[in-house]
Amino acid sequence: EDQVTQSPEALRLQEGESSSLNCSYTVSGLRGLFWYRQDPGKGPEFLFTLYSAGEEKEKERLKATLTKKESFLHITAPKPEDSATYLCAVRPSGGSYIPTFGRGTSLIVHP
Amino acid sequence: GAGVSQTPSNKVTEKGKYVELRCDPISGHTALYWYRQSLGQGPEFLIYFQGTGAADDSGLPNDRFFAVRPEGSVSTLKIQRTERGDSAVYLCASSSGLAEYNEQFFGPGTRLTVL
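These protein sequences, in sequence, are chains A and B.
Under our numbering, think of the first position of the first sequence as 7, with each following residue one higher.
Under our numbering, think of the first position of the second sequence as 746, with each following residue one higher.
Just chain A, with the same shape it has in the complex (with noise of 0.2 Å):
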């Protein structure tokens, strides 16, 4: 059964204090895996795609980057506006087009 893990649960920063999250993930091969921003009251925002290790992504401040068992999103000098829930899903290799998603790091940034 495919697993992700995401930590921290919560996150505060203060604004300009660079961090990291976390997503572990056990899946039977990787077809790709996700980052998503969720906003409260919204749907999740696609961020990046990640097929291999060794791949990394850059949004303005954010740095997606992958290993065989897990993901980090790099987030350099936050500002207040990235304060969201992140969220992680994978999707499996084979025929299935099912992603499965962590329950998130729900970070705050503090002006």
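Please note that a few of the clues may not be correct.
No more than 25 Å apart at the CA atoms, straight line, and that leaves these computed lysine-lysine pairs for DSS-like [to be verified]:
1) Lys-756/B - Lys-823/B
2) Lys-63/A - Lys-74/A
3) Lys-69/A - Lys-85/A
4) Lys-823/B - Lys-48/A
5) Lys-756/B - Lys-48/A
6) Lys-65/A - Lys-85/A
FYI, nobody ran anything at the bench for these hints, they're computed from the structure.
Here the structure is a predicted model, which means the values were calculated and not measured.
Starting from the known structure of chain A, fit chain B onto it as the hints suggest.
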């Protein structure tokens, strides 16, 4: 519209009642997913469509849940004999295909409360 829309945004019903939740995907998107999200949890897969047919409904919790997409566009999630445990946010997502490189676009969700 420009994005995925879901109606109603909120639905309050009584235990035992029937409800329908609607999803309007992005025009031209052939793949459509339904998820359920409880407080403090990530989205949980329910069912997905490729075109008009339900390609995989293995996430539906029981036979009270059913979903249709008769013309390959709008989809309706139907829940019979609602139970308090059905209370959650129901999310719909669409994409231009099922491949992992086809980004999923989520709607804002329908918050279902069963009293």
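Hint-by-hint comparison with the structure:
Proposed proximity of Lys-756/B and Lys-823/B is supported: the alpha carbons are some 13 Å apart, at most 25 Å. A hinted pair counts as satisfied when its Cα atoms are at most 25 Å apart, and Lys-63/A with Lys-74/A qualifies at roughly 16 Å. Our distance criterion of 25 Å between C-alpha atoms is met by Lys-69/A and Lys-85/A, whose separation comes to about 15 Å. Only pairs whose Cα atoms come within 25 Å are accepted, and Lys-823/B paired with Lys-48/A is accepted, the gap being roughly 21 Å.
Under the criterion of a C-alpha separation no larger than 25 Å, the hint pairing Lys-756/B with Lys-48/A is consistent with the structure, at around 16 Å. About 14 Å separates the Cα atoms of Lys-65/A and Lys-85/A, which keeps this hinted pair within 25 Å; it holds.
Consistency with the previously given hints is maintained throughout, with no hint failing.
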